[in-house]
Structure formats: structure tokens, C-alpha cells
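J.: Next come the chains, spelled out residue by residue.
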Amino acid sequence: MKKALQLVLFLGIISLIAGVAVGYVNSITDPIIQENLLASEIENLEAMYPDGEFTALEVSDDTGYVKGAYEVAGQGYVVKIETTGYNSSTPIIALVGFDGEGVISNLMVIQQQETEGFGTKVFEDENIQSLFVGKDLSTPSDLLSGATVTSSAVQSAVAAAQAVVSGLVG
Amino acid sequence: MWNNFKNGFIKENPVFGLYLGMCSTLAISTSLNNAIGMGVCVTLVLIASNVIISLIRKITPEEIRIPVYIVIIASLVTVCEMLVHAFMPELYTSLGVFLSLIVVNCIILGRAEAFASKNGVLASAVDGLGMGLGYTFALLLISVVREFLTTAGLQFVNPFNSTQVLWSFSIEALKPYTISLFSASVGAFLTFACFAAIFTILRNRSSKKEAK
Numbered sequence: 001m002k003k004a005l006q007l008v009l010f011l012g013i014i015s016l017i018a019g020v021a022v023g024y025v026n027s028i029t030d031p032i033i034q035e036n037l038l039a040s041e042i043e044n045l046e047a048m049y050p051d052g053e054f055t056a057l058e059v060s061d062d063t064g065y066v067k068g069a070y071e072v073a074g075q076g077y078v079v080k081i082e083t084t085g086y087n088s089s090t091p092i093i094a095l096v097g098f099d100g101e102g103v104i105s106n107l108m109v110i111q112q113q114e115t116e117g118f119g120t121k122v123f124e125d126e127n128i129q130s131l132f133v134g135k136d137l138s139t140p141s142d143l144l145s146g147a148t149v150t151s152s153a154v155q156s157a158v159a160a161a162q163a164v165v166s167g168l169v170g
Numbered sequence: 001m002w003n004n005f006k007n008g009f010i011k012e013n014p015v016f017g018l019y020l021g022m023c024s025t026l027a028i029s030t031s032l033n034n035a036i037g038m039g040v041c042v043t044l045v046l047i048a049s050n051v052i053i054s055l056i057r058k059i060t061p062e063e064i065r066i067p068v069y070i071v072i073i074a075s076l077v078t079v080c081e082m083l084v085h086a087f088m089p090e091l092y093t094s095l096g097v098f099l100s101l102i103v104v105n106c107i108i109l110g111r112a113e114a115f116a117s118k119n120g121v122l123a124s125a126v127d128g129l130g131m132g133l134g135y136t137f138a139l140l141l142i143s144v145v146r147e148f149l150t151t152a153g154l155q156f157v158n159p160f161n162s163t164q165v166l167w168s169f170s171i172e173a174l175k176p177y178t179i180s181l182f183s184a185s186v187g188a189f190l191t192f193a194c195f196a197a198i199f200t201i202l203r204n205r206s207s208k209k210e211a212k
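One line per chain: the protein sequences are A and B, in this order.
Mapping the first sequence onto the working numbering, position 70 (from 1) lands on 70, and the numbers just tick up by one.
Mapping the second sequence onto the working numbering, position 73 (from 1) lands on 73, and the numbers just tick up by one.
Derived by calculation from the structure, the hints in this document are not laboratory data.
There's no promise every hint is true.
[As the list claims (entries may be wrong)] Partner residues are not named here, just some residues of chain A that face chain B (Cβ under 8 Å, in silico): (1) Phe10; (2) Ile14; (3) Ala21; (4) Val22; (5) Asn26; (6) Ile33.
We put the CB at the ideal spot given by N, CA and C, even for glycine.
Using the sequences and the hints given, assemble the complete structure.
T.: Next up, the structure:
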């Protein structure tokens with residue numbers, strides 16, 4: 001019994017020391033990692049909010065669509081989403097802009113390889129306006145005819161982004 | 001001690017001699033940059049883990065030595081991974097999961113169990129350095145062949161700043177004849193097999209000499 005206690009204690013002490021060491025290094029490297037992540041995204045973010053000041057946010061999302069979130073000082077939020085539409089080998093990656101109240105104000109596509117003339121219609125300006133901007137996507141809403149797969153895929157992802165932002169706004 | 005160090009290169013080269021750590025070797029040896037980055041990470045972790053394990057070898061209870069080693073190795077690898085993520089993001093992306101998988105790289109646990117737990121601190125550090133460099137050397141050989149066959153050139157980029165190419169060369173005349181197969185895992189196995197054969201010949205020769 002005494003032996004077992006000794007063993008547990010020894011392993012406990014080793015783990016404690018290791019944990020403290022890892023925590024210390026993490027406290028140094030974490031801000032740099034966050035900064036790097038932001039730097040890799042900054043070009044796209046600035047295209048959305050030209051004079052914005054961005055800070056990366058930690059958000060939790062169970063749907064798997066949300067790949068990152070940023071706060072734009074005094075202007076709103078940007079959420080990065082990734083979803084699979086009709087083309088299963090190239091996912092659709094987009095940034096969704098929200099204003100300070102959590103209303104969708106913009107959607108910018110970073111990558112997509114949907115069917116030309118059908119799926120790609122979702123990303124035309126007028127359709128972005130009618131499908132997403134100002135919409136509440138927590139309830140089912142209209143899809144784009146002729147591009148149902150793509151528009152429903154993007155809509156679910158944007159809905160996930162909206163849920164995240166509404167959590168931030170409060 | 002010098003022999004310990006030298007052993008790591010040819011006779012007991014962890015990759016070609018002991019066939020340890022092959023999973024990461026085959027996976028990341030696609031380019032010179034990856035090979036050097038991975039080699040340096042493994043070497044540093046190996047030296048540090050050997051030193052720490054050798055330091056505590058007299059107070060480590062026999063029954064729980066493996067869990068203790070794993071805790072130590074895992075923390076060192078996590079620290080290494082965080083540092084690479086923070087200061088060399090490009091390398092972090094290209095090494096991907098294999099960076100954190102250094103934890104289960106058998107070279108490290110193998111050396112902890114076979115050498116560091118029985119030898120002094122300095123000898124363990126030298127053993128770690130030798131084994132680490134042996135691993136790096138093996139990675140370099142494979143990656144140079146693979147990168148050259150797939151791109152007809154070699155390139156070494158500053159790991160801290162990915163836009164700065166430190167050293168590169170390429171042969172234009174060979175560009176149309178590149179073999180892209182060698183960037184896939186088949187190429188890794190082919191290259192590995194050839195080098196393993198060469199190393200076996202070298203080893204056999206030197207052991208024959210000793211026998212005489």
C-alpha cells in the first residue's frame with residue numbers, strides 16, 4: 001500500500017512539473033500563434049472592413065462549419081466558414097460579415113469550385129443580398145432554384161456562423 | 001563516447017540500421033526543408049528527454065518508469081510543437097500531425113529505455129545528439145533524392161521567414177523528366193529500400209573486417 005502511494009506520488013509530481021512547464025511555454029507562444037493566424041487572414045478581412053482593427057476570438061461550434069471568428073473593433077464581427085456544396089473535393093470557404101447587432105451584412109467567398117452557371121449563382125452579388133444579408137437563418141428560409149445543393153450548404157454554414165455571433169452579441 | 005556518437009550514423013543508424021521512426025521518415029521526407037525541420041525537432045527532443053531521464057534515473061521507481069518517460073517525452077514534444085507553431089508557422093503546416101507524433105517516435109522512447117536510464121547525463125546527451133543527427137542524416141538522404149526527382153532541383157527556405165530562400169539550385173534540362181511518383185508514398189518506400197540496402201552492405205563490410 002505504501003509502495004503504491006509512493007508510485008502515485010512520484011508520477012503525480014512528474015506530471016505536475018511537466019504541466020507547469022507546458023503551461024508556461026503555452027503562455028508565451030499562444031499570443032504569437034494567434035497573431036500569426038490573424039496575419040494569414042488579414043488580407044481577406046481588410047477587403048471586408050478596410051479600416052478595421054481585428055482581434056481573433058475563441059468560439060465554440062459543434063457543427064464544424066465555423067473555422068474562425070474575428071471581432072472588428074466598433075464595427076462588428078467576421079466569421080470564417082467552410083462547407084461542402086455540390087463539388088465534394090473542393091470545399092466552399094467564405095467570410096461572413098456581421099454588424100454590431102449580429103445582423104449579416106456581407107458575404108465574401110474565398111474559395112469555391114461549384115458548377116459554373118448553377119452553383120456559382122449563389123455567389124453573385126444580388127443573390128448574396130437576397131439569400132443572406134439581413135436574414136435570420138435559424139429558421140428554414142428560401143433556397144436558390146437551380147442551385148439548391150450549393151445554396152443550402154452555404155446557408156447551413158452561415159446559420160452556424162450566425163449562431164456563434166448571436167452568442168457573442170449576447 | 002565518440003563511438004556512441006558515431007554509432008548513430010551508420011552501424012546503429014536509427015532509421016536504416018534499427019528501422020525505428022520509419023512512419024515519420026516516410027511521410028515527411030518529401031522536401032529538404034521538412035527533413036531539416038523535423039530532424040532538428042527530433043534531435044532537440046531526444047537530447048532533452050535523454051538528459052532529463054538520465055538525471056532522474058536513480059529516483060525513478062522501476063515499476064512506473066515507462067509512464068514517467070512518456071509524460072516527460074510528451075511534454076517536451078508539446079513544448080517543441082508550440083514553439084514551431086509560433087515561430088515557424090510554414091514548417092508547422094507542412095509537418096502537420098507528424099510534429100506531434102514525435103511523442104510516439106520509437107527512437108525517443110527506445111533511447112530512453114535502452115540508454116538514458118542506464119547511463120550518465122553527459123553520455124546520454126551525446127547519445128541523444130548522435131541518434132538525432134543519425135535520424136536527420138537519414139531524412140536528408142531520402143528527402144534530397146525525392147525532392148530532386150520530383151522537382152529537378154533543391155531548395156532550402158529560411159524556416160523563420162518562408163519568403164526568404166536561403167539556398168536553391170535546379171537543372172532546367174531535367175525539368176521535363178521529373179518523376180512525380182517520388183513525392184507519393186511509393187517513392188518514399190523505393191528510396192528508403194535502396195538506402196537501407198546500401199547501409200546493410202556498409203554494415204556487413206565493417207563487421208567482416210572486425211571478424212578478421
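J.: Which hint numbers does the structure go against, in order from smallest to largest?
T.: none
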